[in-house]
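**Student:** Here the protein sequences line up with chains A and B, keeping their order. The letter at position 335 of the first sequence is residue 335 when you use my numbering, and the numbering goes up by one with no holes. The letter at position 147 of the second sequence is residue 147 when you use my numbering, and the numbering goes up by one with no holes.
Quick caveat, the hints were computed from the structure, so don't treat them as lab data. One thing to keep in mind: the hints can contain errors.
[Said to hold, decoys possible] Per the computed footprint, the stretches of chain B lying under chain A, defined by three or more beta-carbons under 8 Å from a beta-carbon of chain A, are:
| hint | region |
| --- | --- |
| 1 | 46–60 |
| 2 | 67–80 |
| 3 | 84–94 |
Please read these numbers as outputs of a predicted model, since none were measured by experiment. Backbone N, C-alpha and C define an ideal beta-carbon position, used for all residues, glycine too.
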Amino acid sequence: MNSFRFLFDKNTWQEIFGSIGKNKTRTIITVIGVLWGIFIYIALAGAAKGMDNGFEKNFETVAKNSIWAWSQSTSIPYAGYKTGRQLRLKVQDAIVLKNRIPEIQYIAPVNTRGAFGGASALTVRGIKSNSYSVYGYFPEIAKIATQKIYDNGRFINDEDIAQARKVCVIGERTQQELFDKDEDPIGGYIRVENVYFQVVGVHKFTQTTPFGTDGDIFIPFTTFKKLYNTGDNSQFFTIAAYDDADVVQVEKDIKAVLRSIHKVHPEDERAFGAFNLGEIFSKIMGFANGITFLSLIVGIATILAGVIGIGNILLISVKERTKELGIRRALGATPGEVRSLIILESVFLTMIAGIVGIILGAGVLSLINSLTRDINFPYTNPTVPIPYVLGALAIMIILGTLIGSIPAQRAVSIKPIDALREE
Amino acid sequence: MIEIKDLHKSYKMGSNALHVLKGINFTVEEGELVAIMGSSGSGKSTLLNILGMLDVADSGEYTLDGVPIKNLNETKAANYRNKFLGFVFQSFNLINYKSALENVALPLYYQRVPRKERQERAMKYLDQVGLKEWANHLPSELSGGQNQRVAIARAMASEPKVLLADEPTGALDSKTSYEVMDLIQKINDQGNTILVVTHEDDIAHMCKRIVYLKDGVIVEDKKVKQVRASAHV
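Isolated chain A, as found in the complex (with noise of 0.2 Å):
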């Protein structure tokens, strides 16, 4: 309580900023070191997180745990098969796989031409025309990899695929190649592989899966397959785990529910091929909290280094101070007075200089930020999270306060006869 009243005591205040600033060189210069090591640590920890937000931005509009997986040919001979069995997903083996994976959220078989193979689909409009990858998609696809479709426009929803419906959403390409500019494409008519559909949207596109461009046709689903015959068969079905889904797991349990369902040697590794952007998402973001890791340790070390700094130059001073706080003494200073003037000094060099540094970081992150804003580096809105920040000043109270107490034990330990003889 006592020590309380001293603490916000603004005469307290007046004695420190009277013994702090007869010094300003030395206070200056003490400062600055502990201003190098939080602006290291906030320009360290905000430029880390940075990257941290720009690989989560690259990564934003396609599920971060989303795996690709196809058939491919057997390599081990299994259940009477020979090896080298050309496989095929079928559609029903995504209800399958849904059924008895739980981590899976959803799941949706893709048919395509032109994007691996195949000749792409020819694709007519008057007197306009060009050849464009074709997809037969499932809505849920839009939930695993973002799509954006422009105004007034949709994606392919339950009804279209329901009635198989002749509707179609194009690329921006696509549109730009088949459409006048000022033309809407929306309600327009396209012929792809001489069957007329209407066009219900144009996506943006976002480099959102491995594949895909913007010149791409969607359709749906069941009209793909009426369109090019392939029955039951997927190409790949596109999958995404829940969020707190071990996907390097789920990848697992889906080549193992596949291999059951086609009766593949359970070890055959090459039967099913897949695709884990979780698992690669994850290693990035790994990296990531690696370099936010390294730099709170690097501005903690640094910071560190500046206090004890403050440390070594208030013992000094305390020495040099000998005969000043022995007068004191003599005027009635209780020791525990003494203790808490060295003690405050301390705390407050560090905390101005936490402060000072911290708005430097800030602006060099900023700056930072507006330079990189227009170059391809996955480097967006470098912020401290508010909770570093209050921890520094928390680290900085503490430490000054224990490194502070040193020299305050030190002032406190001459008698203040022995500090009134000195001269």
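Place chain B on chain A using the hints.
**Tutor:** For chain B alone, kept in the frame of chain A given last:
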């Protein structure tokens, strides 16, 4: 005001013990102006330090204004010093980065007097020692005599029971010394109890009583007719 019974103090110097005070008995009434005289090594400074609670006696009793001074820890001593005692040192012992006014106000700070009142009271005492105009000057900008007057104002600011002066004129020329003694006499005239340690005869005779110390014992304790310092100024 001050009562001392059988005070002993020795310092350890390596394997030898140096017996500095060998049983001092001594009483000071309120309003007295006492000079403590003796050659160097007689123990007069040690006595003053014990009276000032800057040092602790090995044995003996010390009562100050009816309060027995014993079992002192540093905090208790600091509080007693602040409440009961004012110090004047030979080397002034002002804080060099504080102005005269701030120096005078410092003991009041440790009495937790609010800033404004502190300043007013400090100014009042600076005025008493005739340095009102010099209030905002640093000690380095003042002469020795002025510095000692600031130190006296500082000692008086906390309104102590006893003023302890350790060779207050030791660093001053005789004219300035008399000015300082004039000030001390005036403060004594107001009823303050003052002890002055000195080895100068003329200074001692400006007090009302002289106590001679030799080899750690009081050899003589006599009342003298006070010589007014103002006669010499």
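**Student:** Would you mind marking each hint as holding or not holding in the structure?
**Tutor:** A quick look at each hint next to the structure:
1. A stretch counts as covered by a chain when three or more of its residues have a beta carbon under 8 Å from one of that chain; for the region 46–60 of chain B and chain A the count is 4, and the coverage holds.
2. Under a criterion of three residues with beta carbons nearer than 8 Å to beta carbons of chain A, the stated coverage of the region 67–80 of chain B is upheld, 4 such residues being counted.
3. Residues of the region 84–94 of chain B lying with their CB closer than 8 Å to a CB of chain A number 5, which satisfies the three-residue condition for coverage.
Consistency with the previously given hints is maintained throughout, with no hint failing.
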